[in-house]
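S.K.: Could you put together the complete structure from these sequences and hints?
Chain residues, written in single-letter form:
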Amino acid sequence: MPNALLPLRLLMAHAAHHFNESNPHGEKHHGHPIIPPITLSTVLAILLFFTVLTVGLAQLEVWIQGYFNIILPHWVNIAIAMSIATVKAVLVMAIFMQLRYDNKMNTVVMLFTFFAVGLFLFFSGLDLFTRDRVTPWKAQTVVKGGTGFMVSQANGKPITQAARDRAITLWGPEKFAKIEAATLHGHDHGHGASDSPYSNASKSRAPRGVTVHAADHAGDHAAPHAPADNHAAPAGGH
Amino acid sequence: MSAAHAAAHGAHHGGSYLTPKGGFITTVWDWMTTVDHKKIGVMYLFAILFMFFLGGVAALVVRTELWTPTRTTEAGTITGQLLAPADAKSVATGNDWYNRFFTLHGAIMVFMVIVPSIPASLGNFFLPLMLGAKDVAFPRLNLLSWYIYVIGSMFAVGSIIGNGVDTGWTFYTPYSTTTDPNHWRVVFMVTAAFVLGFSSILTGLNFVVTVHKLRAPGMGWFDMPLFVWAVYSSGVIQVLATPVIGITLLLLIFERLFNVGIFDPALGGDPVLYQHFFWFYSHPVVYVMILPGMGIISDVLAVHSQKKIFGYRAIAYSSLGIAGVSFIVWGHHMFTSMSEVASAVFSGLTFLVAIPTAVKVFNWIATLYKGSISFTTPMVYALIFLFLFSIGGLTGLPLGTLSTDLHLHDSYFVVAHFHYVMMGGTIMAIMAGLHHWWPKMFGRMYNQFWATTAAIIVFIGFNVTFFTQFFLGVRGMPRRYASFIPEFQDYHRISTIGSYILLVGFLLHLLVFLHSLVVGRKASQNPWGGLTMEWEASTPPSEHNFEHEPLCKHGPYDYDTTVPPGWDPKDYPIPAENLRVAAAVGH
Amino acid sequence: MTTMNPQKPLAGESLPKWRLYRPGHHWRSADDEFEASKFGFWLFLATEVLLFAGIFCGYAIFRAMYPEAWAEGSRLLDWKIGGANTVVLLISSWTMAMSIYCFQVDKQKLARQLLLITFLGGLFFLFAKLGFEYMPKWTGYFLSFDPALSHHHGEIDAAQAKFGGLLQFVEGYGGKRPGKWFDYPFAQSPHMPLWWGIYYCGTAIHALHVIIGMTLIARAWYRAGKGCYGPTHYTFVECTGLYWHLVDLVWIFLFPLLYLIH
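Protein chains in written order, with the numbering used here: chain B, 1 to 238; chain W, 1 to 587; chain Z, 1 to 262.
Some hints here could point you the wrong way.
[Claimed, not checked] What follows is a set of in silico ranges between Cβ atoms, one per label pair, in the way DEER data are often shown:
no., chain 1, residue 1, chain 2, residue 2, range
1, W, 403, B, 111, 36 to 46 Å
2, Z, 223, B, 39, 19 to 29 Å
3, W, 147, B, 125, 37 to 47 Å
4, W, 317, B, 125, 29 to 39 Å
5, B, 118, Z, 208, 21 to 31 Å
6, B, 118, W, 46, 34 to 44 Å
Hint data in this document are derived by calculation from the structure and do not stem from the laboratory.
Where a beta carbon is used, it is the ideal one built from N, C-alpha and C, also for glycine.
M.R.: Have a look at this one:
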């Protein structure tokens, strides 16, 4: 069989007459793209604007939730912040990092990279978020002393509880209550609340939602903001 | 090397790359500071062979220990008697020693031998030559990556000197965060793997850029040898996967030093998350291990049967296909620890790997069909590869199937499977490549009779060692145990005998190579009749590879139209109608 | 931009170093070498992105597992410091890009000044990170000029101040540490130490990259003083710029994830 690449080779042999030694593959050279300062400065202005916008919107959400006494779903917050971050990132890559002007191969490298990151996140999440989907016994609830969290070496309590105990011993209950009131004042309203109050112990993740009072199950001290609840069963009635 | 090599091709100005630059000190200094890809490739080769020796010793210790079923006290601990210090006189410390040795074997063989083996040694040497380039894209980076490899290996050796680690080469978190509480051994070993990752990244990055930018004039993407395609694909994996092991091991080091608790269940972390992190790198990296081996086999089969490779594009694309699929199958290492949904998805995806792999194997067999096969040592190794790798690949299927994997998980079946793939695949491939390119690298032939004999001894030893382990695994022998029930003793003894046959085979290879270096007869420019560009260079290649920038005038396997460089056309009859074609393109 | 410094070599004057640059022997042209270096550097940036992917993956998984710990943790971070650092990094990214522009048009002096500003931006970032965030959160000690200190007047313990009042101690503020070192008494979620583990690992690895970037910028600044870079050869500055933009890029994502998402 004659060489399948023959036409190509003949073409090449022909082209060899005006063969460019410094560029044998006929690649398009992108050289040194010069980006005018006005473009760079405009991009900076847009980036700064988006920074203000993302902070402002995060504040706005908190304000809306407080003012109208509603709870926005978590994804609103994430979607807005991540969308703005993505736009900013694209701007930085396209203009500051010159992807828009440069060899397209560099863009391909970056796209592959983000694709790999996506695979990494997706498949890790696929496991960790579906652990309770088929056999419910894999998603049992927290029992006293279960370790979904770090336990203090000293007294076997959750380390957060141990820290609280240490502070109470050090300062005395009154001073502790005073500092705690001052520290927590103005915080802990609205956002972060959830509908699902139990976590589980045989694995390290709540099925969905929040482990609001998980400390109560293992800790003996009643936290002021978290009423004690020593039941091992899912406390769905919170 | 001796000065005799230089004389062989004294006609070239500057002589071969092996020509000493002066006295002993000058020559050593020249090698230590060289940016020549050939010298770096040779330095990698010897560093890797040394680590292969260390890992092999550890493997023999493990097999020797398994000669007897139970660990009794002083008298029974063969390992302890030979190697452990005086305190290894109890069952518990004896078991620790066993754990350390299989960890040592795994960590050294994976991180320091198989991952860098083919790309860093043969790839470094031959990738630029095959492309007709003077060097890799970033020569100084290349030297840096060798030094990083040496530094990483030193960390590992430091850990070994400090009594070694017993976590298994995967450093799974409950082991790697709780064992060795007051020492730095685990940190050292993990640091070693972390540092070696950088070496791997730099090598892969260098090769990818070299392939993109430094092909000879006339060499399009589909005029590249398949070895280059394979090394390119594995370079892409190295760049995209290795940083994840970097962050994993970095977090593991933080975990040990600062107790941050991301992976440690005792601190609220998730050990299965560690496994995800680890296998996101470590599964793609088994393709870093095997892909360049597949490239070698593609080249060796075509050259030693003097036939155009069957399905060039299919093999090239399947390399990229394997690289792509490698990123979405890592969960099959964790079927017993993952959720059922994820396990089912990963099981399905795992079978995708079989497609590009089978494409390669079928194309190789089709290449052999009606070829003028000569049973040279490289060819024998390539055939051994085909046989062993097929067994390795097919035994992967029951492990990828959820229901059978639950039985076979963490058993000797797994051990046998990955040894068939990694050793029967990669190590056999590097042996094939080494014998294929040895004359070009060192300018000397070796004794083919003894080399082939050694290859057959290795083949027998390998199968005796590892085929028995399939039976052990199916019958329920778990991996990583120093003790076992007496019913398994016969299998274990056969396997241990096999490992010593392997030792004999490799020692014979060592003798053959030493003999070749000292008294081997001079190699011609192109002893096997290869068409790829490295055979156009002199033997051994000169400092700058080629006298002039070579022009790619034919495909890498156009045996139907082209007389190999350095061969007399009279010895190489090409049908008249094809010769016209050859003439038309400039021969 | 008042400093115009065109450097036209006069007859008999020695040429600047960038004009004398010759590409490596294995390259066909300087352009080829430049593009290959850039391509190689982009591959390296890909590895950096995937390195940080580990942190982001850990963040995402643990956030989904323990959302209340993440909400609580992000409330304990001050968006003003994070926001200020974001602005500083963005501006330093701009000065970096401008500096490359200046090398391209051979405004050597301005280019070096811009590199210096970029370096100072990195320095400010690290100072804010260490002085206003790490130190108070880890130990409870504030710098006396920290604006956040005024919110905590009630709890300042003057007796524990150090270095002549430079470091002011606020009781009940410190102890926000990862893992077993955790000692913050008012945590609501038992998973709080894990949040700090991710916070410290992520920001520390990012800060390490800031330091590496600053080292590169310092080298570029030093070599630029010797006339090594100019319109036809500025590969090192270009790659330094790419690296610095990547540091910025990572922070663009870390900032909302750590400070804004609740």
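S.K.: Which earlier hints turn out false for this structure, listed by number in ascending order?
M.R.: none
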